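There are 4 protein chains.
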Amino acid sequence: MNSFGNLFKVQIFGESHGPSVGIVIDGTPAGLSLFEDDLLLDLERRKGGLQKATTPRQELDYPLFKSGIFNGKTTGQPITILFENNNIKSEEYQAQRAIPRPGHADWVAHQKYGGNEDYRGGGHFSARLTTGLVAAGAIAKKLLQGISIQANILEVAGEKDINIGIQKAIDANDSVGGIVECKVNGLPVGLGEPYFNSLESMIANIMFAIPAVRGIEFGTGFNAATMFGSEHNDAIVSTDGKTQTNHAGGIVGGISNGNELIFRIAVKPASSTPKIQTSINMDSGKLEDFSVMGRHDLCVALRAPVIVEAATAIVLVDCMLQQQHLKRVWL
Amino acid sequence: MNSFGNLFKVQIFGESHGPSVGIVIDGTPAGLSLFEDDLLLDLERRKGGLQKATTPRQELDYPLFKSGIFNGKTTGQPITILFENNNIKSEEYQAQRAIPRPGHADWVAHQKYGGNEDYRGGGHFSARLTTGLVAAGAIAKKLLQGISIQANILEVAGEKDINIGIQKAIDANDSVGGIVECKVNGLPVGLGEPYFNSLESMIANIMFAIPAVRGIEFGTGFNAATMFGSEHNDAIVSTDGKTQTNHAGGIVGGISNGNELIFRIAVKPASSTPKIQTSINMDSGKLEDFSVMGRHDLCVALRAPVIVEAATAIVLVDCMLQQQHLKRVWL
Amino acid sequence: MNSFGNLFKVQIFGESHGPSVGIVIDGTPAGLSLFEDDLLLDLERRKGGLQKATTPRQELDYPLFKSGIFNGKTTGQPITILFENNNIKSEEYQAQRAIPRPGHADWVAHQKYGGNEDYRGGGHFSARLTTGLVAAGAIAKKLLQGISIQANILEVAGEKDINIGIQKAIDANDSVGGIVECKVNGLPVGLGEPYFNSLESMIANIMFAIPAVRGIEFGTGFNAATMFGSEHNDAIVSTDGKTQTNHAGGIVGGISNGNELIFRIAVKPASSTPKIQTSINMDSGKLEDFSVMGRHDLCVALRAPVIVEAATAIVLVDCMLQQQHLKRVWL
Amino acid sequence: MNSFGNLFKVQIFGESHGPSVGIVIDGTPAGLSLFEDDLLLDLERRKGGLQKATTPRQELDYPLFKSGIFNGKTTGQPITILFENNNIKSEEYQAQRAIPRPGHADWVAHQKYGGNEDYRGGGHFSARLTTGLVAAGAIAKKLLQGISIQANILEVAGEKDINIGIQKAIDANDSVGGIVECKVNGLPVGLGEPYFNSLESMIANIMFAIPAVRGIEFGTGFNAATMFGSEHNDAIVSTDGKTQTNHAGGIVGGISNGNELIFRIAVKPASSTPKIQTSINMDSGKLEDFSVMGRHDLCVALRAPVIVEAATAIVLVDCMLQQQHLKRVWL
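Residue numbers (my numbering), protein chains in the order written: chain S, 1 to 331; chain H, 1 to 331; chain W, 1 to 331; chain L, 1 to 331.
Because the hints were derived from the structure by calculation, they are not lab data.
In this text, all values refer to a predicted model and were calculated from it rather than measured experimentally.
Be aware that a few hints might be false.
[What the hints assert, rightly or not] Pairs of lysine-lysine residues, derived as BS3-like cross-links and limited to a Cα-Cα distance of at most 25 angstroms, are as follows:
| no. | chain 1 | residue 1 | chain 2 | residue 2 |
| --- | --- | --- | --- | --- |
| 1 | S | LYS242 | H | LYS286 |
| 2 | W | LYS275 | W | LYS168 |
| 3 | W | LYS160 | W | LYS142 |
| 4 | S | LYS142 | S | LYS73 |
| 5 | S | LYS73 | W | LYS89 |
| 6 | W | LYS286 | W | LYS275 |
| 7 | S | LYS89 | S | LYS275 |
| 8 | W | LYS275 | L | LYS275 |
| 9 | S | LYS142 | S | LYS183 |
| 10 | L | LYS275 | W | LYS242 |
| 11 | W | LYS142 | W | LYS183 |
| 12 | S | LYS275 | H | LYS73 |
| 13 | H | LYS73 | S | LYS242 |
| 14 | L | LYS183 | L | LYS160 |
| 15 | H | LYS183 | H | LYS142 |
| 16 | L | LYS89 | L | LYS242 |
| 17 | S | LYS286 | S | LYS275 |
| 18 | W | LYS286 | L | LYS242 |
| 19 | S | LYS286 | H | LYS242 |
| 20 | L | LYS242 | L | LYS183 |
| 21 | W | LYS242 | L | LYS286 |
| 22 | H | LYS73 | L | LYS89 |
Bound-form chain S, shown alone (with noise of 0.2 angstroms):
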């Protein structure tokens, strides 16, 4: 299914190609100040065509507010933003359907859907679904008053000097992967709770919604597995529970501890890659030599720290409503 949260929900729905995408919010309390204007400035940062390796399709992405907003507020009602698709090119991906794009969704979605998938552009599995969940992520940024989030790109092909990184993919003439990093400041002590609602829990399944998402790991994350327990333990110097280090990233026990929350994730290089490539023909049964038409990313993780920090904040409304640490009504 595709919809997310217990207390602030989000639905997503839309196909690449389609009429539209779009997300229905269903939660964010009364009052809220909002306008469609307030979240262009993340879904700015979500596009593609500003920045060397994203791609050229120029997406509108103008925000439709279709219900939950009255006088230039929220009603406590359903929020549904819609994304008219309108730069459409679809007629290349009917004459390659019958050779599923290795590393896309092309196959799983076939035999899933018994061949009714819409195939066109990636459909309901395209990027273009995270305008969605910026729109919704810019919300809950508005709601969470007092606390920061930042994602940022720590490494892009394995360089720490992002240019470096986005020139080896162009010189390659190959999609290349990076890490995003997202910092949060400002959290309560006591969000999440022991077990599968942790909230590392909530935050993983939330990442991994996200298109080309492969790992995910909190604090110091793998490398605590190569150190002692005496190194990882955090001291906690006082009595508001600040820690002399930082290796739990913020959270112990499944629970903020008041301290930065800190996570990083690993994005795949995008699956379409200007290479010649090769795949099975399906009607033939054959293998095929073959390159990805249409329009696309090198590097697709530029476009994700304005996702990573929407689902970032989507996550924590839905817990500081649970902990009762957001008012329902903005007066």
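Given the coordinates of chain S, work out where chains H, W and L should sit on it, guided by the hints.
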């Protein structure tokens, strides 16, 4: 909250030093042959006292079926499994209560539950609650006929040779972490959903419910971030979806593709190290040296594989019921 | 929250005088033939302006598919259906805003949402939101091949002869209520669960989502309270579960028994009566006489049958998916 | 499934003649004083053997806390309450198994669970499972400080004088039904949501989880269908929302309006009547006369009020947590 799953739901409960720990499993199809002894093998794997570097606490861990089984078969109703707590030494926890143990949930629990938490032996946060998970996993495995789930220690304390890793801990008189890899074979194509219920999302969600897990990666994982797209993409080489390589780890677009499912988790070193540590005394507001008492593992990662398998099996049964791959009655 | 269902989920949104109303339907199996026109018959039944005693508001009610349909078939992804709002007169609502209309949600909405509610035409509380429900119901009915769902007016204003009932309303220049009965034939045995997800629980849950519903009874219903057990019990007379009588209305132990499913709902008279009424003026704190403006039905029960059918169909599809009675792909 | 609730969740389990029945309650705020004896008063009200027309089975019904309580207070973790089954006579059920008892779940359970159901004493379908509900309800009532919930028998066998009603059953040597009314005072305004989580939806949902309930109506209920709108509408007479009449029963637009919450439920006569009945013998395929054995109530409605109160309290706590009306820590 302490429950997980949609059609195959588990609800865990209990405290390390309370009357019991256990689990309620709702959604098991009727007619599955099930005896308490069927669970013992996996419970034994989870137990301490068997290996160097695991705790000498003798947990009897005998599962009591309190509901849902009749004449040696599941009835289709909730199965309640209770583990009575017997071998308990609680006094020492009271003595050191003012000093929250670093790396443990003591401090956050105190904040979140206003001092009402059962602090003895970690209370509800204790890894002892994973007995219930392992019991549910053993049932889930029985349902997953023809599917094998195997988790193994890949590394301890940064060493591929586990014995070297354990010796490192013993020599340093300190706890150490490790990495566990899980492989699933025989999975049908089509499990998982795009976005929020991606197979990765659900697996990651439940893995972070296991105490001490700090990271998860699927397939090539974090290394994917350093690869070119043309390298990372798995070429589909036959019409049944078999791929030449398996960098994706068996999941594409959030959906199982019929290849081996592979993921790894990072387990931090046990917070309870024998080393002297520093923490705040919440009564005096001063830092103090102290050593953690109680019986503890030097390397909790050693117990993790069977828990990881159990958690994986729980997710997979849920997915298979949602995909209608499992019949509900074993006639 | 505004969503319902487990495997077949509906999320409604919109306001009577906002940009649109609509629904997202998540969980429709792939491959079902579906055109916008397929929904028109039921939408027409729901519409006002067709009968004496229903509102003259001309709602165009043309359903726009915004996602989830490709080449005239469902894709297995969320289906978004939008109804643009056109024929709107909102001014009068502003004028009478200080006086909460008795029987309407004006006063509670104002309290709950802190004055941020869209008060025009009942806003999100308007029965106009049932268009989405009817659209989803029409899809659900298509999935329920071989199962017939028929709801009918049983009584209007206490009269079995509906025309007499309606004439009573017209003569009194007042709104009137009614009783709707719903019968389902062809249901498989085994839908529903004991206790919280009993078939009655799920049907009752969704029926009370329909505005103006005040009661529900299954089979003999309230009359069962006056019968002897030997009278009320339905004797099973054949091995396929057919019963001699059907006082249970097709559900025993929360589970469908294969006999006709029957239930009735009570619909109150529309709160918007043409009669002069008294209510508090929230600004002055004084009681005032006023008359409700806008265009309204004298008997909303007349529109209810198709909504009751839709709600029933939504529940039944969800139950059938849970019981694995519906295949997910229409190949 | 056998769970209910969003922030205050109950999971019931057990069988009438299995090892135990019980409940897990997840979401109780920490710090509430709670002893097993606190539950006894309500459990006593539910028990048989106290009144004419209720069963002579002596259920000890002593609640064992298996988790979630520490030092006489709730910890904020799942509370498991177990009732061991002791006083059991099961043999007779085996003897009459081939003949499904009319009105009972025997036949549907056999179909749904493929013959694997625990058929002894109704198994999981037994009203004995309501002990858990009553225990959870007693906890919920403690959380609802300042809110009174009172359910009473309104009618037995069609008689307002309960004793006459009961005597009718004794004279006829047959079971009889009844009507229970529940009134809640002190509710805050604003509980419940429009549409699917209307307060009526949630209450109706859980009421139909109580065995033998056949109908529910709020406020004026079915009689509303015979009234004019001008009669039925409750005039708001003060700015705090008090109404002159209370035909709505305290809920408007799905949301509590601060007036008394009133609803009634219809309870059918117990299926286990002492009268000779006819049913199919599933082995021979022939109709047979038989009489139900075991110990049973002539009027289960007599036990219902405390169960209705419990179910109501569970819903209300969940709603109040969602509305942030309940603090999570009782310091």
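Check your understanding: Straight-line Cα separation of S/LYS242 and H/LYS286 no greater than 25 angstroms?
Key -> 13 angstroms, holds
Check your understanding: CA of H/LYS73 to CA of L/LYS89, is that 25 angstroms or under?
Key -> Status holds; Cα separation ~21 angstroms.
Exercise for review: Decide if the proposed pair is consistent with the structure: W/LYS286 and L/LYS242, CA atoms, cutoff 25 angstroms inclusive.
Suggested key: 13 angstroms, holds
Review point. W/LYS242 and L/LYS286: Cα distance at most 25 angstroms?
Key: 13 angstroms, holds
Check your understanding: Taking only the CA atoms, is the gap from W/LYS286 to W/LYS275 under or equal to 25 angstroms?
Key -> Cα-Cα ~20 angstroms, so holds.
Check your understanding: Taking 25 angstroms as the top limit, are the C-alpha atoms of H/LYS73 and S/LYS242 close enough?
Key -> With a Cα-Cα distance of about 52 angstroms, the restraint between H/LYS73 and S/LYS242 is violated, given a limit of 25 angstroms.
**Study point:** Restraint check for W/LYS275 with L/LYS275, where alpha carbons must lie at most 25 angstroms apart
**Key:** 54 angstroms, violated
Exercise for review: Would you check the hint for S/LYS142 and S/LYS183, treating anything up to 25 angstroms between C-alpha atoms as holding?
Suggested key: Within the cut-off at roughly 17 angstroms; holds.
Practice item. Mind checking the alpha carbons of W/LYS142 and W/LYS183 for me, to see if they're no more than 25 angstroms apart? Key: 17 angstroms, holds
Exercise for review: Given the hint that S/LYS142 pairs with S/LYS73, test it: the Cα-Cα distance must not exceed 25 angstroms.
Suggested key: Holds, at about 12 angstroms.
Point to revise | 25 angstroms Cα cutoff - pair S/LYS286, H/LYS242 | key: 13 angstroms, holds
Check your understanding: If you draw a straight line from the CA of S/LYS275 to the CA of H/LYS73, is it 25 angstroms or shorter?
Key -> 56 angstroms, violated
Checked against the numbered hints above, the structure breaks hints 3, 8, 12, 13 and 16 and satisfies the rest.
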